[in-house]
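Take the given structure of chain A and dock chain B to it, following the hints.
There are 2 protein chains.
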Amino acid sequence: MVDIDLRLYVITDENLSLETGLMEKVRQAIEGGATVIQYRAKNKSSKQIYSEATALKKLCREYGIPLIINDRVDIAVAVDADGVHVGQDDLPVEVVRRIIGNGKIVGLSTKTLEQVVEANTLPVDYIGFGSVFPTTTKKDATLSGIEMLREAVKLSIQPVVAIGGINAENVDSVLQTGCENVAVVSAVFSADSPFKAAQLLKQKILKGRRWRV
Amino acid sequence: MVDIDLRLYVITDENLSLETGLMEKVRQAIEGGATVIQYRAKNKSSKQIYSEATALKKLCREYGIPLIINDRVDIAVAVDADGVHVGQDDLPVEVVRRIIGNGKIVGLSTKTLEQVVEANTLPVDYIGFGSVFPTTTKKDATLSGIEMLREAVKLSIQPVVAIGGINAENVDSVLQTGCENVAVVSAVFSADSPFKAAQLLKQKILKGRRWRV
Numbered sequence: 001m002v003d004i005d006l007r008l009y010v011i012t013d014e015n016l017s018l019e020t021g022l023m024e025k026v027r028q029a030i031e032g033g034a035t036v037i038q039y040r041a042k043n044k045s046s047k048q049i050y051s052e053a054t055a056l057k058k059l060c061r062e063y064g065i066p067l068i069i070n071d072r073v074d075i076a077v078a079v080d081a082d083g084v085h086v087g088q089d090d091l092p093v094e095v096v097r098r099i100i101g102n103g104k105i106v107g108l109s110t111k112t113l114e115q116v117v118e119a120n121t122l123p124v125d126y127i128g129f130g131s132v133f134p135t136t137t138k139k140d141a142t143l144s145g146i147e148m149l150r151e152a153v154k155l156s157i158q159p160v161v162a163i164g165g166i167n168a169e170n171v172d173s174v175l176q177t178g179c180e181n182v183a184v185v186s187a188v189f190s191a192d193s194p195f196k197a198a199q200l201l202k203q204k205i206l207k208g209r210r211w212r213v
Numbered sequence: 001m002v003d004i005d006l007r008l009y010v011i012t013d014e015n016l017s018l019e020t021g022l023m024e025k026v027r028q029a030i031e032g033g034a035t036v037i038q039y040r041a042k043n044k045s046s047k048q049i050y051s052e053a054t055a056l057k058k059l060c061r062e063y064g065i066p067l068i069i070n071d072r073v074d075i076a077v078a079v080d081a082d083g084v085h086v087g088q089d090d091l092p093v094e095v096v097r098r099i100i101g102n103g104k105i106v107g108l109s110t111k112t113l114e115q116v117v118e119a120n121t122l123p124v125d126y127i128g129f130g131s132v133f134p135t136t137t138k139k140d141a142t143l144s145g146i147e148m149l150r151e152a153v154k155l156s157i158q159p160v161v162a163i164g165g166i167n168a169e170n171v172d173s174v175l176q177t178g179c180e181n182v183a184v185v186s187a188v189f190s191a192d193s194p195f196k197a198a199q200l201l202k203q204k205i206l207k208g209r210r211w212r213v
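Protein chains in written order, with our numbering: chain A, 1 to 213; chain B, 1 to 213.
Only true hints are included.
Since the list gives no way to pick out one identical chain from another, each pair is judged satisfied if it fits inside one copy or across any two copies.
Here are the simulated DSS-like cross-link-like pairs (lysine-lysine), alpha carbons at most 27 Å apart as the crow flies:
#, residue 1, residue 2
1, Lys196, Lys139
2, Lys204, Lys138
3, Lys138, Lys47
4, Lys58, Lys47
5, Lys138, Lys202
6, Lys44, Lys138
7, Lys196, Lys58
Keep in mind that the hints were calculated from the coordinates and are not lab data.
Chain A on its own, in the form it takes in the complex (with noise of 0.2 Å):
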């Protein structure tokens, strides 16, 4: 196991690329207060994926923050990212686990509060359990809800990371359930500053603390 702060988790929006920007909302995300990059690309080629992944690489070394590849071990393991996140239609954890080693992270996404139970008895550093809002990067997602967030902090064994539609507005509610650790996507990339949207979250997530038992 690694360990890894996982309080602001901040997704790449497949939207961005290299030409779009991709580099510098990044770097805003990070130094707005990111504590994690995942990138995540579904629709772009290998090349331009593996290139993205190598860019997205050094500039997270830059600044000491892990990133974590969606999906593509293989992109992972060509970039030495720190970790691989999967969902429940990827490869299974044990055979990302077998692949990356136990040096890395690997990272798992459930909806159900079974797949948060069954999750505790497998090899992945956390979980991501959403969507806790309805959300527009993923528009066939699983709404969960707050209050089942709550249980599945509970039920989890790992760090839990609350995904889906959380935005500076919302995000106390989340705190509130007892989960430490926000993703985002939109919340970010969709802001004019990318650095300011990141800031707000960061600021909420950090006097959050005060909800925690």
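This is chain B only, laid out in the frame that chain A set:
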């Protein structure tokens, strides 16, 4: 470099799955004379790709036929496939080679004579060249034609596998260029009997030896 019989190189059809006869049709292709199977899936989830690749590896091992995975190096590692085939928009072959090691096969698609010459300097075991003929499998494929294939075979220091719209009617013209290896998708998988389609192609390829210098 790995010694591999590339003469009848059968690539799986994206439209087939475990539920719609993928295994049975690939088995027929092998029994008809396929010398190598490439598993290609671009629009399936990683979970499905992993399941199918696992089943195909088992089947190919049963017959002593190598299994090559298109693009996804992680899947190749996960199922211990015999190699990886990449296109010009996939991971760079140097990166593929670094991940899977020297004991595995690496193939590269080429579309132009410049790419053929460049491939001579790369750590690949063979190249694909085409599309030789118009193909329905890749609608945006670059058409090279028979004469350019003849040049590719002369220029390449690696074995060349002709690809694109090749079937029993036109395979002789391919073999007459000096190309000894033929890749097919629909000629086998769109046939009523993949077994008979593969067998007919294989017979023509074996007879085609007489054209070789």
